[in-house]
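As a plain string of letters, each chain reads:
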Amino acid sequence: MIELQDATKRVGNVIHIKPTNLTLQTGHFNVLLGATGSGKTSLIKMMAGLDPIALGKVLMDGQDVTRLNTQKRKISLVHQFFVNYPHMTVFDNIASPLRVAGMAQSEVEGRVEEAADLLQLRPMLHRRPHELSGGQQQRTALARAIAKESRAVFLDEPLANLDYKLREELREQLPDLFAGRGAVVVYATSEPEEALLLGGQTALMEDGRVTQFGPTADIYRNPENIAAARVFSDPPINVGHITVSGTQAHLAGGGKWTVTDIADGEYTVAVRPHRVTPLRTTDADVELTGRVIVTELSGSDSSAHFQHGEDAWVSLATGVHPYRVGEDHVFYMNPAHCRYFGQDGQRVA
Amino acid sequence: MRTENQRAWFFVLPVLALVAFNALVPMMTVVNYSVQETFGNNQFFWEGLGWFEQILRSDRFQAALGRQFLFTFMILIIEVPLGIIVALSMPRKGFWVPVCLVLMALPMLIPWNVVGSMWNIFTLPKIGLLGYFLNDVLGINYDMTQQPLSAWITVIVMDVWHWTSLVVLLCYAGLVSIPDAYYQAAKIDGASPWSVFRYIQLPKMKTVLTIAILLRFMDSFNIYTEPFVLTGGGPGNSTTLLSIDLVKIALGQFDLGPAAAMSLIYFAITLLVSWLFYTLMTKDDAE
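Protein chains in written order, with my numbering: chain A, 1 to 349; chain B, 1 to 287.
These are calculated hints, taken from the structure and not from any lab test. C-beta: ideal position from N, C-alpha, C; glycine also. Heads up, some of the hints might be wrong.
To be verified - FRET-style restraints, in silico, Cβ to Cβ: (1) B:Pro107 with A:Val14: 48 to 54 Å; (2) A:Asn69 with B:Pro111: 46 to 52 Å; (3) B:Met218 with A:Val14: 45 to 51 Å; (4) A:Asn69 with B:Arg198: 57 to 63 Å.
As the list claims (entries may be wrong) - Calculated lysine-lysine pairs in the PhoX-like style (CA-CA distance at most 25 Å, straight line): (5) B:Lys93 with B:Lys204; (6) A:Lys57 with A:Lys18; (7) B:Lys187 with B:Lys204; (8) B:Lys187 with A:Lys74; (9) B:Lys187 with A:Lys57; (10) B:Lys206 with A:Lys72; (11) B:Lys248 with B:Lys93; (12) B:Lys187 with B:Lys93; (13) B:Lys187 with B:Lys206.
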């Protein structure tokens with residue numbers, strides 16, 4: 001377990017991480033999800049002890065490690081770059097932290113081979129990193145993290161530099177690799193899809209803050225604020241402005257539907273692209289008319305970017321749909337999936 | 001069916017002409033002299049490999065070659081480790097980076113004959129700042145114009161002063177290209193500073209270091225101007241390096257045949273050592 005208590009990071013006068021409270025548990029993935037520059041790596045470095053903490057505390061398994069140096073925290077870190085010792089074989093690379101820790105040779109061999117088997121590195125054990133593919137290099141780095149049996153494993157966008165196929169493959173394996181090892185696994189990514197696929201808990205990060213933390217699926221379904229809704233959506237979530245009077249919501253740019261439990265006033269409405277479709281799905285669907293700007297076809301899905309009033313919206317639907325760029329199309333939005341946010345960005349309904 | 005565009009050759013011609021004029025033609029002239037004897041009047045007599053044999057057997061050449069190897073060896077053994085140490089201790093970011101880089105680059109910007117003159121004036125006993133300081137303040141008997149040892153030390157120190165920067169700058173470039181991630185990984189493993197150097201910095205510097213050593217070898221093995229201006233090869237023949245001896249034979253005695261043969265032997269040695277070194281250093285990567 002890792003606990004952050006008002007942990008703050010400052011470089012000069014710039015606050016990189018605002019006071020953060022977070023408790024990360026073992027047994028599942030803890031995903032830090034946020035755009036580049038949102039503070040994921042900074043947060044990891046703080047927990048890993050690579051960067052000093054300006055204020056607050058870091059606890060590991062109840063022990064205050066705030067002033068403890070990195071090595072003594074018993075952690076592993078896998079970067080998005082493939083970091084291995086260039087002139088050591090794969091075996092020596094995996095073994096290096098164990099040897100530094102002064103482990104007996106027989107035990108080192110056992111652990112290295114176990115990790116190598118898990119990551120299918122057995123045939124490459126005597127090669128050097130530059131003789132390996134990117135995927136194998138990153139497997140080596142992962143094997144090193146596994147062999148070490150750390151209290152915490154930090155994976156900082158470990159798949160970012162792999163090509164698509166390898167990424168999918170390794171991502172599927174990741175949860176199994178760390179299951180039952182008793183380490184807190186922290187996984188930083190900028191891709192919402194990865195967070196969903198890895199499951200576990202997700203901390204949404206924006207501008208040096210954790211904006212929301214909880215089970216990944218809950219956060220996806222119920223973003224607490226507009227920022228969280230935006231972060232956790234790819235393609236970007238559709239955002240529009242509505243005026244509520246009585247039980248009627250009027251969308252700027254056209255379209256109205258019935259809402260309950262929302263006081264009169266101006267709100268922001270957010271709805272995911274796959275809830276805006278070219279075909280009617282329910283009787284409650286609201287018709288939205290917009291001029292198609294761009295269309296994309298990704299095999300099984302079609303997406304259309306359309307101009308709705310002053311906002312650019314996206315529709316994502318299964319199947320191939322014949323959009324004509326530059327022409328008006330009617331899209332259907334199910335209001336049941338709309339999320340409403342007040343002027344301050346906080347969720348109201 | 002194949003279409004060949006022979007016009008492409010025309011675009012290579014200027015380069016060919018240039019290389020021919022600045023390398024091939026002079027080189028072949030030397031080859032030509034090396035197998036002939038002349039007594040002036042543009043009359044030449046076939047000598048075969050006689051000059052080569054004479055040069056290789058001569059004590060004078062062997063002594064100069066020995067001095068040359070000793071000089072280059074001393075230069076490398078001092079400049080390479082020193083360069084690495086300086087590069088390691090230079091700041092990697094912040095205000096002092098450009099300051100350090102400019103200071104490092106300064107000695108290399110000074111023309112070679114000026115370096116020789118500077119050090120000559122600097123080290124002359126009685127007159128020079130260093131010469132005066134060593135002799136009259138510290139009481140060390142130092143005179144590079146009279147004592148072979150003093151002359152050797154001065155020539156080596158001068159070269160170290162002039163060229164260590166090259167090693168520093170190349171190593172520094174290698175060092176700054178190492179991503180922080182490596183240092184973090186080492187920190188997490190708890191690697192000692194020596195391990196960081198041995199297993200991260202040194203391997204990552206290998207390519208630039210190979211180039212640095214190669215350049216320093218070639219430059220120091222072919223060095224002429226600075227020792228010539230500083231000591232003129234003296235006292236006696238004690239600092240007569242290969243190139244200084246070569247110039248004495250070629251221009252002093254006007255023995256064109258032996259000088260040409262010596263040039264070719266000189267060139268072959270430089271080429272062979274460079275090739276051997278480069279092949280050994282890059283062997284691992286090619287495997």
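Structure-based check of each hint:
1. Checking the proposed 48 to 54 Å range against B:Pro107 and A:Val14 shows it is violated: the Cβ atoms sit about 39 Å from each other.
2. The hint said 46 to 52 Å for the Cβ distance between A:Asn69 and B:Pro111, and at roughly 51 Å that hint holds.
3. At roughly 48 Å, the beta-carbon separation of B:Met218 and A:Val14 lies within the given 45 to 51 Å, and the hint holds.
4. The given range of 57 to 63 Å is broken by A:Asn69 and B:Arg198, whose C-beta atoms sit roughly 21 Å from each other.
5. About 19 Å separates the Cα atoms of B:Lys93 and B:Lys204, which keeps this hinted pair within 25 Å; it holds.
6. A hinted pair counts as satisfied when its Cα atoms are at most 25 Å apart, and A:Lys57 with A:Lys18 qualifies at roughly 13 Å.
7. For the given pair, B:Lys187 sits about 17 Å from B:Lys204 by alpha-carbon distance, which is consistent with the 25 Å threshold.
8. The straight-line distance between the Cα atoms of B:Lys187 and A:Lys74 is roughly 11 Å, inside the 25 Å bound, and the hint therefore holds.
9. The suggested pairing of B:Lys187 with A:Lys57 holds, with an alpha-carbon distance near 21 Å, which does not exceed 25 Å.
10. With a C-alpha separation of about 31 Å, the suggested pair B:Lys206 and A:Lys72 falls outside the 25 Å cut-off, and the hint is violated.
11. Taking the CA atoms of B:Lys248 and B:Lys93, the gap is near 49 Å; set against the 25 Å cutoff, the hint is violated.
12. For the proposed pair B:Lys187 and B:Lys93, the alpha carbon gap of about 19 Å is at most 25 Å, so the pair holds.
13. Between the alpha carbons of B:Lys187 and B:Lys206 the distance comes to roughly 22 Å, so the proposed pair stays at or under 25 Å and holds.
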